[in-house]
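Trainee: Given the sequences, and given the hints that come with them, work out the whole structure.
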Amino acid sequence: MNKNTCLPFTALACLALLGCASTQPKPDEAADDGLVRVETAMLDQLFVAPNVPLAHYQRVLLDPVEIEFRDGWRREHPDMSDREFEYFKTQLTTALQETLVKELARGGYAIAESPAQDVLRLRVAVGNVNVVAPESGAAKSTAVYKVVEMTLQAQGFDSSSGALVARARDYEEDPEPRKLKPADRVWTLHIAQQIFEKWAQELRSALDVAKVSAGARKPRED
Numbered sequence: 094m095n096k097n098t099c100l101p102f103t104a105l106a107c108l109a110l111l112g113c114a115s116t117q118p119k120p121d122e123a124a125d126d127g128l129v130r131v132e133t134a135m136l137d138q139l140f141v142a143p144n145v146p147l148a149h150y151q152r153v154l155l156d157p158v159e160i161e162f163r164d165g166w167r168r169e170h171p172d173m174s175d176r177e178f179e180y181f182k183t184q185l186t187t188a189l190q191e192t193l194v195k196e197l198a199r200g201g202y203a204i205a206e207s208p209a210q211d212v213l214r215l216r217v218a219v220g221n222v223n224v225v226a227p228e229s230g231a232a233k234s235t236a237v238y239k240v241v242e243m244t245l246q247a248q249g250f251d252s253s254s255g256a257l258v259a260r261a262r263d264y265e266e267d268p269e270p271r272k273l274k275p276a277d278r279v280w281t282l283h284i285a286q287q288i289f290e291k292w293a294q295e296l297r298s299a300l301d302v303a304k305v306s307a308g309a310r311k312p313r314e315d
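When you line the sequence shown up against this note's numbering, it's residues 94 to 315, in that order.
What the hints contain is simulated information worked out from the structure, not anything from laboratory work.
Hints should not be assumed to be uniformly reliable.
[Unchecked claim] Straight-line distance between alpha carbons at most 27 angstroms, and here's what the computed DSSO-like set of lysine-lysine pairs gives:
1. LYS182 / LYS239
2. LYS274 / LYS239
3. LYS195 / LYS182
[Claimed, not checked] Label pairs and their calculated CB-CB ranges:
4. ALA236 / ARG167: 38 to 46 angstroms
5. PRO171 / GLY220: 19 to 27 angstroms
6. SER253 / ALA198: 17 to 25 angstroms
7. LEU273 / GLU206: 41 to 49 angstroms
8. ILE204 / GLU179: 21 to 29 angstroms
9. PRO146 / GLU169: 19 to 27 angstroms
10. LYS195 / GLU169: 41 to 49 angstroms
Even glycine gets a Cβ: it sits at the ideal position worked out from N, Cα and C.
Mentor: As structure tokens, this is what we get:
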């Protein structure tokens, strides 16, 4: 699902908070892991644990972000050295991790360093990453319409028990697919950052909704 408006991360499980706060799970759509699907305009897929209150989580324990490229992507870029590839991958993971932390802090949410009863553990991964990132020396005049596409997958766990309480999936791509853009890494990172910021805002907004539903706090005014 490509959503052009900047809806309130990704990090899913917390988006599950929004699902639990706003709509009832559908028992007939239970998954093998016992979670049930809820409808939300923010995510392509959202599953939450039935009858589990999520609004009591006050802090987030964020696992290191994981990034995986589309199958075959590395073979299609043979001129990119292993060192270049690992550096490029690190740029993406660092950008998403920092964006999530920054947005949570902006919303008044603390990042926990260890499990506790009020801590939601969030595991975020981005898969099927397909980006335009020409190797060093490639023609600088190349332009493309779609620079980035990737899929967010997140899981939320009760940090004390380790129980899975929510999971979500969301596909995003270049927000301006009709505009020609330079096919270089600088532009690729720029578009990826836009997607990361959108996912981060979704997470923070979902947390706000959960707190409001529990009467714990007023939503932040942007």
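Trainee: Against each hint, give a clear statement of whether it holds in the structure.
Mentor: Comparing the hints with the structure gives:
1. LYS182 / LYS239: holds (19 angstroms)
2. LYS274 / LYS239: Satisfied, since the Cα-Cα distance of roughly 8 angstroms is no more than 27 angstroms.
3. LYS195 / LYS182: Given that 27 angstroms is the threshold and the Cα spacing comes to 20 angstroms, the pair holds.
4. ALA236 / ARG167: 38 to 46 angstroms: violated (23 angstroms)
5. PRO171 / GLY220: 19 to 27 angstroms: holds (22 angstroms)
6. SER253 / ALA198: 17 to 25 angstroms: holds (23 angstroms)
7. LEU273 / GLU206: 41 to 49 angstroms: Given about 45 angstroms between the Cβ atoms, the range holds.
8. ILE204 / GLU179: 21 to 29 angstroms: With a Cβ separation near 26 angstroms, ILE204 and GLU179 satisfy 21 to 29 angstroms, so the hint holds.
9. PRO146 / GLU169: 19 to 27 angstroms: violated (46 angstroms)
10. LYS195 / GLU169: 41 to 49 angstroms: Given about 33 angstroms between the Cβ atoms, the range is violated.
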